[in-house]
Amino acid sequence: MRRENVILALIVFAIMLSGSALALTPNYVIANSEDWRDVYSTVIYANLIKADNGFLTSSKAGTLLLNTIDAKNKNIQIISSSKVPYIVGYKTIVAARGFNTEELTFSDVNLELAKQLSSIT
802 MRRENVILAL IVFAIMLSGS ALALTPNYVI ANSEDWRDVY STVIYANLIK ADNGFLTSSK
862 AGTLLLNTID AKNKNIQIIS SSKVPYIVGY KTIVAARGFN TEELTFSDVN LELAKQLSSI
922 T
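Counting from 802, one number per residue, gives the positions in the sequence shown under the numbering used here.
In short, the hints are calculated from the structure, not lab data.
Don't take every hint at face value.
[Said to hold, decoys possible] No farther apart than 25 Å at their CA atoms in a straight line, the calculated lysine-lysine pairs in the PhoX-like style are these: (1) Lys884 <-> Lys861; (2) Lys851 <-> Lys916; (3) Lys851 <-> Lys875; (4) Lys873 <-> Lys851; (5) Lys875 <-> Lys861; (6) Lys884 <-> Lys916; (7) Lys873 <-> Lys861.
Fair warning: this is a prediction, and the values are worked out from it, not measured in the lab.
Please model the complete structure; the sequences and the hints are all you need to start from.
Here it is, written out as structure tokens:
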């Protein structure tokens, strides 16, 4: 019986790790900023991590953009400006559509995204 518990614990642990890895690997990145420099940096970042990308052009564009995202792109990373976001709390809207969502909020998007890329060689 003890061996079965160990095997069950290992299976649960492996499932937890695979879910975490999946959440950390976005396949779609959204720029949520009124500053074109933030948008440009986000598009470059998305291309470097080989993810599709989009950006908001107004507060009304938030839901419109989600309608254009292919259903296979379930892991969405939102890069939001802390200074000039189009939509505050955009993560909630995206998650309500059934996407796995991570939101990173920065005051200096380009500098912070450069730090995110340090693991890419």
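Find the hints from earlier in the document that the structure breaks and name them by number, from lowest to highest.
none
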